[in-house]
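Student: Start from the sequences and build out the full structure, keeping to the hints where you can.
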Amino acid sequence: MSPPAPVPAERWRAVAAARHDEGFTYLDVLTAVDRLGDLDVVAVLVNPDTHEECTLTTRSSQGRIESLVPVFRGADWYEREAAELLGIEFDGHPDPRPLVAPASDRPELLKTTPLPARQTTPWPGAEDEAGARRRRAAVAPGILTTWTQEPQ
Amino acid sequence: MTPPSAHGVIALIPEACTSCMLCVRECPTWCISLASHLEEVTEPGARRPRSVSVLDAFAIDFGLCMFCGICVDVCPFDALQWRQAADAGSTARAGLVHAKDALASGPDRD
Chain D
352 MSPPAPVPAE RWRAVAAARH DEGFTYLDVL TAVDRLGDLD VVAVLVNPDT HEECTLTTRS
412 SQGRIESLVP VFRGADWYER EAAELLGIEF DGHPDPRPLV APASDRPELL KTTPLPARQT
472 TPWPGAEDEA GARRRRAAVA PGILTTWTQE PQ
Chain H
662 MTPPSAHGVI ALIPEACTSC MLCVRECPTW CISLASHLEE VTEPGARRPR SVSVLDAFAI
722 DFGLCMFCGI CVDVCPFDAL QWRQAADAGS TARAGLVHAK DALASGPDRD
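Residue numbers (my numbering), protein chains in the order written: chain D, 352 to 503; chain H, 662 to 771.
These are computed hints drawn from the structure, not numbers from a lab.
Take these hints with a grain of salt, some might be off.
In silico contact screen, one side only, chain H against chain D (beta carbon under 10 Å); selected entries [said to hold, decoys possible]: (1) M682; (2) V685; (3) E687; (4) C688; (5) I693; (6) S694; (7) F728; (8) C729.
Calculated cross-link-like contacts (lysine to any residue; reagent style SDA-like; alpha-carbon spacing at most 20 Å) [claimed, not checked]: (9) D:K462 / H:K761; (10) H:K761 / H:I731; (11) H:K761 / H:R744; (12) H:K761 / H:V735; (13) H:K761 / H:S751; (14) D:K462 / H:E687; (15) D:K462 / H:R711; (16) H:K761 / H:D722; (17) D:K462 / H:R744; (18) D:K462 / D:E432; (19) D:K462 / D:W498; (20) H:K761 / D:P475; (21) D:K462 / D:I494; (22) D:K462 / D:D446; (23) H:K761 / H:T690.
Note that CB positions come from ideal geometry on N, CA and C, so glycine has one too.
Tutor: Written out as structure tokens, the structure is:
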């Protein structure tokens with residue numbers, strides 16, 4: 352994957368369309384990233400003739416971004432998956448139904464969604480006898496103190 | 662025969678391990694467990710004994726391991742390495758947990 356080129360949110364579809372017209376006509380993957388408070392969207396476009404790759408990324412505005420489906424038909428299911436698992440709304444998506452998982456209270460892949468198994472499983476990275484002198488934090492990375500069992 | 666493109670398995674060089682536990686903490690699937698203790702080593706002529714970490718037990722649960730290689734990347738002492746060998750299968754879930762001896766280094770990749 353080539354280094355992602357940042358695109359302002361309001362130009363997301365326009366820039367993708369411009370890349371499409373330059374020859375990047377194949378959408379390899381579109382996904383989203385939870386930056387703990389911000390949701391970024393990443394799209395990898397490929398030129399099927401030259402095999403060049405172009406990666407675009409943008410920051411959604413409060414979880415909303417333009418849908419790329421009018422430019423890339425292949426974005427359809429990727430956007431449905433990102434909407435379902437990360438809670439992003441894609442404006443202009445023709446068929447925003449859940450695609451992947453059974454219905455749940457909250458987007459499953461958001462970092463703020465608790466993983467009950469991780470909360471109850473003892474972390475092997477916690478102190479051991481030799482580590483008692485290291486004074487490391489005994490909390491696994493990725494487990495947030497804001498996790499609760501009840502939906503908010 | 663393992664094709665060269667296969668990811669192989671992860672091997673441990675116990676002599677290089679200092680029990681720093683970086684691999685244990687960084688593993689995304691929590692599949693590595695490590696136990697160690699401190700020993701005092703007195704050397705002739707030294708003013709005071711020094712403390713050394715001694716590795717007691719090390720195990721990787723290959724039922725959880727996703728072969729991402731983060732442990733290999735993060736080990737500051739190169740005690741974890743890729744090894745060109747087929748994944749050892751097992752007829753029981755517990756058989757997928759490979760302890761120190763099973764992880765001992767064999768022929769390396771490349």
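Student: All the hints need checking, so say for each whether the structure fits it.
Tutor: Status of each hint after checking the structure:
1. M682: holds, 6 Å
2. V685: holds, 5 Å
3. E687: Holds, because the Cβ-Cβ distance from H:E687 to chain D comes to roughly 8 Å (cut-off 10 Å).
4. C688: holds, 8 Å
5. I693: holds, 6 Å
6. S694: holds, 5 Å
7. F728: violated, 18 Å
8. C729: Check failed: Cβ of H:C729 comes no nearer than 14 Å to chain D, outside 10 Å.
9. D:K462 / H:K761: violated, 34 Å
10. H:K761 / H:I731: Distance of about 19 Å is within 20 Å: holds.
11. H:K761 / H:R744: holds, 14 Å
12. H:K761 / H:V735: holds, 19 Å
13. H:K761 / H:S751: Within the cut-off at roughly 17 Å; holds.
14. D:K462 / H:E687: Distance ~17 Å between D:K462 and H:E687 Cα, so the pair holds.
15. D:K462 / H:R711: violated, 43 Å
16. H:K761 / H:D722: With a Cα-Cα distance of about 11 Å, the restraint between H:K761 and H:D722 holds, given a limit of 20 Å.
17. D:K462 / H:R744: violated, 34 Å
18. D:K462 / D:E432: holds, 16 Å
19. D:K462 / D:W498: It holds: about 9 Å lies between the C-alpha atoms, which stays within 20 Å.
20. H:K761 / D:P475: holds, 16 Å
21. D:K462 / D:I494: Holds, at roughly 8 Å.
22. D:K462 / D:D446: violated, 26 Å
23. H:K761 / H:T690: Measuring from Cα to Cα gives roughly 19 Å; hence the hint holds.
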